[in-house]
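**Q** Whenever a hint applies, use it, and build me the whole structure from the sequences.
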Amino acid sequence: MRPQSDMLIDLTYEPIDEQSIIRQVRDESAGCVLTFTGTVRNHHEGKRVLRLRYEAYETMAAELLQQIAEKARQRWGLLRIAIVHRLGSVAIGETAVVIAVSAPHRAPAFEACQHLVDALKDDVPIWKLETTEEGSAWVAESRAFKRPEAGKDG
Amino acid sequence: MNVRVVHFALMRELCDCDAELLSIPAGANILEAWRGLCKLHAGLRDLPYDPRPAVDRRFASWDAPLVEGQELCFLLPTSGG
Numbered sequence: 001m002r003p004q005s006d007m008l009i010d011l012t013y014e015p016i017d018e019q020s021i022i023r024q025v026r027d028e029s030a031g032c033v034l035t036f037t038g039t040v041r042n043h044h045e046g047k048r049v050l051r052l053r054y055e056a057y058e059t060m061a062a063e064l065l066q067q068i069a070e071k072a073r074q075r076w077g078l079l080r081i082a083i084v085h086r087l088g089s090v091a092i093g094e095t096a097v098v099i100a101v102s103a104p105h106r107a108p109a110f111e112a113c114q115h116l117v118d119a120l121k122d123d124v125p126i127w128k129l130e131t132t133e134e135g136s137a138w139v140a141e142s143r144a145f146k147r148p149e150a151g152k153d154g
Numbered sequence: 155m156n157v158r159v160v161h162f163a164l165m166r167e168l169c170d171c172d173a174e175l176l177s178i179p180a181g182a183n184i185l186e187a188w189r190g191l192c193k194l195h196a197g198l199r200d201l202p203y204d205p206r207p208a209v210d211r212r213f214a215s216w217d218a219p220l221v222e223g224q225e226l227c228f229l230l231p232t233s234g235g
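For the record, the sequence lines run as chains A and B. Residues in the first sequence are numbered from 1 upward in steps of one, following my numbering. Residues in the second sequence are numbered from 155 upward in steps of one, following my numbering.
Worth flagging that the hints you see were computed from the coordinates, not collected in a lab. Each hint can be trusted.
According to the in silico footprint, chain B covers these stretches of chain A (three or more CB under 8 Å from chain B):
#1 48-56
#2 116-124
#3 127-133
#4 138-145
Derived SDA-like pairs: lysine to any residue, alpha-carbon spacing no greater than 25 Å straight-line:
#5 A:K146 - B:N183
#6 A:K121 - A:V139
#7 A:K146 - B:P202
#8 B:K193 - A:F145
#9 A:K47 - B:E167
#10 A:K121 - B:V209
#11 A:K146 - B:V160
Positions of the beta carbon are idealized from the N, C-alpha and C atoms, including for glycine.
**A** Structure (structure tokens):
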């Protein structure tokens, strides 16, 4: 078993240093380091986005990210994993999330990175408040939620 | 018995608080707690999505029984990344 330090999970209110994260997932056994960087775009559904603010259920999000990363490490034989997500106000063009993995070979690294991005978006309790010229609204993107069923609306 | 309900994002705005103690009958399940919460906050009755319940920071099923002092959260659709 590899030591816990091979996994970096962080929710931060500070700007994300992508190069530092990449350095931390490098490994002498690795044949590749794959990085996904999510950035804040200036448009959404035809509207000009002015800024975003991220909020999380921080304790649950951190625990869930740890579990998701550990499962991915076992499934794809990853060497090191980093998942760092920004919270608070984030300006257009800034980095919102970095997911980086190292692995002996590229194919499992690509699959794992895709899985980690999808799992983060679907399950991890992080929300973004999007401000456009028309006002602010919480964005609902996860595929893991259903339309109301009879009986749950009290 | 009481459970602590924590709220985030839109749920926090609809309930107008970060957290609250919710009184529910002993042995009540999550669905019964949700119905109790909806009686306190009218804005929860017409949500376009079912929330996903979590107990003590883990996803849970609607029929899971609750015990005194647990931390309950009803998550609305997320948008991380």
